[in-house]
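S.K.: Next come the chains, spelled out residue by residue.
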Amino acid sequence: MTQRRDFLKLGAAAAGASLTGGTLVSAAELKQGGEDFSPLSGAERTAVPTTCWQCVSRCPVIGYVEGGRLAKIGGQPASIRTEGLLCAKAQGGVNQVHDPDRLLYPFKRVGKRGSGQWKRISWDEALDELTAHLGKLREDGHPEKFMFHYGRMKASSSKLIKSVFLAGYGTKTIGNHTSICEGGKWTAQELTWGSHYDNWDFDHTRYVLNFGSNCLEAHTNHTSVAHRLVRALADRRVKMVTFDVRLSNTAAKSDQWVPVRSGTDGAVALAMCQVVVEKGLYRGKGEEFLKFCKFTAAPQASQKEKLDALKAHLASYTPEWAEKISGVPAETIRTIAVEFASSYPAVVISYRGAVAHYNGNDTERAIQMLAALTGNIDNPGGRCKAVGAKWKYPKFPGNKPKAKKLKIVDGFPGQAKLPTHHISHQVLKMIKDGSAGRPDVYMWYCYQPVYSNGDVAENIEILKDEKLIPYTVCVTPFYDESAALADLILPDATYLERWDWEDMVSPNQVAEYYIRQPVTPPPGEVRDFADVCCDLAKRMGFPLGVDSKEEFVAKSCELTHGVKEAGGFAYMKSHGVWHDPAAKPKYHSFGKVLKPEALAANGVIFDPATGVYWNWRKSKAKSADEAKSKGYAHTKNGYKGYVGQQIGDAVYSGFKPDKVNKSGYFELYSTIMEEKGLPALPTYVAIPEHQAMKDNELVLTTYKVAAQVHSRTQNCKWLSEIYHRNPAWVNPQSASRLGVSDGDPISVKSPAGVLETRVQVTPAVAPGTIAISMHCGHWEYGRYASGKRAETGSQDVPGEVIWWTDNGAHPNWIIPNRADPTNGQQRWMDTVVQVSKR
Amino acid sequence: MDQSKAPPQESRRAFLKGLSASATLAAAVAVRPAAAATRTVQYGMLIDTRRCIGCHACSVACKAEFDVPLGNTRSWVEYVEKGEYPNVSRNFLPRLCNHCSEPNCVDVCPTGATFKRAEDGIVVVDPERCIGCKYCVQACPYDARFINPVTGAADKCDFCLHRVSRGIAPACVETCIGRARIFGDLNDPNSEIAKKIATNPVSVLRPGMGTEPNVYYIAADHSDEQERRRGSYVRVTTHRKEKERR
Ligand code: SF4
Ligand code: SF4
Ligand code: SF4
Chain A
1 MTQRRDFLKL GAAAAGASLT GGTLVSAAEL KQGGEDFSPL SGAERTAVPT TCWQCVSRCP
61 VIGYVEGGRL AKIGGQPASI RTEGLLCAKA QGGVNQVHDP DRLLYPFKRV GKRGSGQWKR
121 ISWDEALDEL TAHLGKLRED GHPEKFMFHY GRMKASSSKL IKSVFLAGYG TKTIGNHTSI
181 CEGGKWTAQE LTWGSHYDNW DFDHTRYVLN FGSNCLEAHT NHTSVAHRLV RALADRRVKM
241 VTFDVRLSNT AAKSDQWVPV RSGTDGAVAL AMCQVVVEKG LYRGKGEEFL KFCKFTAAPQ
301 ASQKEKLDAL KAHLASYTPE WAEKISGVPA ETIRTIAVEF ASSYPAVVIS YRGAVAHYNG
361 NDTERAIQML AALTGNIDNP GGRCKAVGAK WKYPKFPGNK PKAKKLKIVD GFPGQAKLPT
421 HHISHQVLKM IKDGSAGRPD VYMWYCYQPV YSNGDVAENI EILKDEKLIP YTVCVTPFYD
481 ESAALADLIL PDATYLERWD WEDMVSPNQV AEYYIRQPVT PPPGEVRDFA DVCCDLAKRM
541 GFPLGVDSKE EFVAKSCELT HGVKEAGGFA YMKSHGVWHD PAAKPKYHSF GKVLKPEALA
601 ANGVIFDPAT GVYWNWRKSK AKSADEAKSK GYAHTKNGYK GYVGQQIGDA VYSGFKPDKV
661 NKSGYFELYS TIMEEKGLPA LPTYVAIPEH QAMKDNELVL TTYKVAAQVH SRTQNCKWLS
721 EIYHRNPAWV NPQSASRLGV SDGDPISVKS PAGVLETRVQ VTPAVAPGTI AISMHCGHWE
781 YGRYASGKRA ETGSQDVPGE VIWWTDNGAH PNWIIPNRAD PTNGQQRWMD TVVQVSKR
Chain B
1001 MDQSKAPPQE SRRAFLKGLS ASATLAAAVA VRPAAAATRT VQYGMLIDTR RCIGCHACSV
1061 ACKAEFDVPL GNTRSWVEYV EKGEYPNVSR NFLPRLCNHC SEPNCVDVCP TGATFKRAED
1121 GIVVVDPERC IGCKYCVQAC PYDARFINPV TGAADKCDFC LHRVSRGIAP ACVETCIGRA
1181 RIFGDLNDPN SEIAKKIATN PVSVLRPGMG TEPNVYYIAA DHSDEQERRR GSYVRVTTHR
1241 KEKERR
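Chains as they are written, first to last, in the numbering used here: chain A, 1 to 838; chain B, 1001 to 1246.
It should be emphasised that the hints constitute simulated quantities derived from the structure, not laboratory data.
Warning: the hint list may mix true and false statements.
To be verified - With a straight-line cut-off of 30 Å between C-alpha atoms, the simulated DSSO-like cross-links for lysine-lysine are: (1) B:Lys-1243 x A:Lys-31; (2) A:Lys-788 x B:Lys-1195; (3) A:Lys-704 x B:Lys-1243; (4) A:Lys-620 x A:Lys-395.
Quick caveat, the model's predicted, so the values are computed rather than measured.
All chains should be modelled from the sequences, with the hints used to inform the complete structure.
M.R.: Right, dumping it as structure tokens:
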């Protein structure tokens, strides 16, 4: 009972909360946050402004430290994005720091790869070994045989590690994880309006139409978007309709949940477009916007020509046609289309539920079309172009070597025609195949190649094979399923122990600049990998010009306009966030008429085929003549020189391309797709595997829940205590057909394997679908995630009892790695499975 | 954690008191408790479930604020899923101590460790006087209490007294993504909470228990017991070690 005595001494006596008496502050004067106190001693906890990293939203937060220990994470009241609010996941971040299974030292494998036998080594030994491998490849002229594969790497970490270190080293064999995330949505948006990300202006909208987004539980800009959506629904009574195969919490909070057959959202969206055109509901705002849209091959089509093309294309996409495909009654489609089109400003939102399919590319394009036809593009209350911080940062000093690359990050030849964000989930298969070469060193960072991709069993088999990949290096704070297959483990800092500047998109169209700083020092011998890169580069003879990420961030603060004037690094350390108080929200970015000077600049030429003014000097063209003869669309990196779009008599800023040589129009007719043999206008294509399903077959869908972040937070005990098991949801109709009842043990079988789990019979999922969340079923990742301690050592937590034993099942064992044939997106939601009682 | 197959629970006390609705969580338009009128301040909370998205930000904020040991909860969120496909609903019911005006826990405490503060009506536990007898844990009709394994004393939500007394809102209120939780003085007619209660239909949990709760709800879904007894599909998920809900 020593603990109790200590507590009593500290607690009631010292009166963290004096239980009797004490002056009360009027409730009206209570501050909403920004301070925190110890409930035991009453002492104020030290507030350190920093930034979350639990999910990719990267919200500004405040870490509260008590006696040198991180006790709590709270919202940042000065943030214009979160307005001081904070989700469950962010607050569970405290557990990342104190995870008793975390890696504290570098480790080297001693037994066979994957045998779980480890030897602690010093950083010197680790760096010697790594420098020997990497230095040799570089000296031999094969830097491309060093493959670096990251899962999440953003802002300053990305710049310092990728644009400075890896560029200085000379490898372009760099993998990401966008194709298992949202790459398909990004490509579709790049093809239509140039850039990859859309912001939904909930603060000004009057109607929300949702295809497959669960933004109240999980989203790439979660807290900032979720609190605004609730505000719109509750304060302004904005109507929301959600199409989803599953009643997510987002669907549950919508005015209407419309269950839709998996992978058919595109048919519904096209039918809505058909209704809008047939009923003339585009008139007004939609018609005004038509001017900026491309609906035909010709760049200067008249409004009439555009409308005729549109009508002809949409004629067969009637609600009755869509009903047969999607199961959504034609009348429902018609009613919602009319409501949406009559509620300007209205926003149509979408995510993986709609997009992570065989036909996801055109589903997203059809959704873009619906937004365009109603004039809800980059307008207050509509679907807006992303606005985020634009940091300046120190570049690599001197000349970068010409980088080399193994062609293994875009999938097999012909697998996807426009994988603008690569096909990372095919990397291991490509390595196994070997025809495009294999890396000698495969290093992964903030990534879980084993667990996060489909085909888990195959991933393990390939990573284990020392003949396929001679040397594997894992950079991570935690011993997870992938670290278990490394030859060398470098213990990375958690995000609460490192520096960064950050730049995530603002939901209010005003950029927010913010930084991440260590809340507590890294424990043991943990080091931020970016700092390690600075050392490695020095050892290999190409110093990066900065010695640490802290220095990189400090210099960036002094280089970045606005931040610098506000007080630079010192200001950011004490305030955490900055935005320009005079900045106006950015809308209608496409409608600016360019001045003649912009078109007269050196190198700027007109491309008659597209109507684009572009600066050929910024492309790969060697001369003006070459540029003119090849034309804008067919010159490599032509898009980098984009200046403006000729529309009628004026030249507009238009929709600036970001990845592909599209014009400055909002391209619903995509010449780029046409030239690849794909439909130019958004078109519905049925998912082949879904066409002839048998009675015992269901379509598997995966999803995320509010208290977990994909694969990464199950080591957080406060989150796993809330959500740790994930029985498979099956509709009662399907359940009775399959002869299973609630709680039954079941086998779920696909061509990739068999998963054993339990069934939850619930009407909250559409018939024909089986829904399994993606967070559970870890077999490593520490005691809270898997019930198993780390093989690299762990600490005891006296008195703590983990009361749950069921850690759920991981669906990726039975989801094959396949790709949307247009953009390469992993087809998470397409797998046909057979379900039977065990 | 769900109890979809749990049998309907008859509330014996409610039955003995002759209440018609023996629903575990029955709706009632709340009436301001008379006892509170004599107090200068009665802190309370109003949870607008229309704004609640079941995100658990409150649950984890509370967990972190007090480093509540695994297996115990001061603050939690229940999901209530009901209906027949495709007319299905899922409603969220955030839970915490009700800081009752007639608290059963205080009545049964043999040492006076549990008491209701005269200044502001917060029900607190003095761990120095608590002998860990668990009477209060049993007596609370809301399952709000537990024996803290670290201190050995009874524990529960204290409306973040250590924060409120220093001018900061309770941790769960500060973080609430839906801005669903309003904290304040029920006795001050000008407070936001009093105004909202005066202008909205509100309810409390298990009004038949005579506890006079000071946590109010707007649009809370109390119909699950009736629905269950009608044989309709109802699934309550508590997200805590205690699968059963009181
Ligand atoms: S809810 Fe329970 S613990 Fe809280 S005051 Fe009422 S009876 Fe006591
Ligand atoms: S008021 Fe404080 S103690 Fe009570 S539920 Fe909220 S955070 Fe927990
Ligand atoms: S934080 Fe607010 S919105 Fe989220 S579950 Fe709690 S009460 Fe509901």
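S.K.: All hints, please: hold or fail.
M.R.: Hint check:
1. For a cut-off of 30 Å, the pair hint linking B:Lys-1243 to A:Lys-31 is broken: about 35 Å separates their Cα positions.
2. Proximity of A:Lys-788 to B:Lys-1195 is assessed by CA-CA distance (about 52 Å); at most 30 Å being required, the pair is judged violated.
3. Distance restraint check for A:Lys-704 and B:Lys-1243: the Cα-Cα separation of roughly 22 Å lies within the 30 Å cut-off, and the hinted pair is therefore satisfied.
4. Distance check on the hinted pair: A:Lys-620 and A:Lys-395 sit about 22 Å apart at the alpha-carbon level, within 30 Å; holds.
Comparing the model with each numbered hint stated earlier shows that hints 1 and 2 do not hold.
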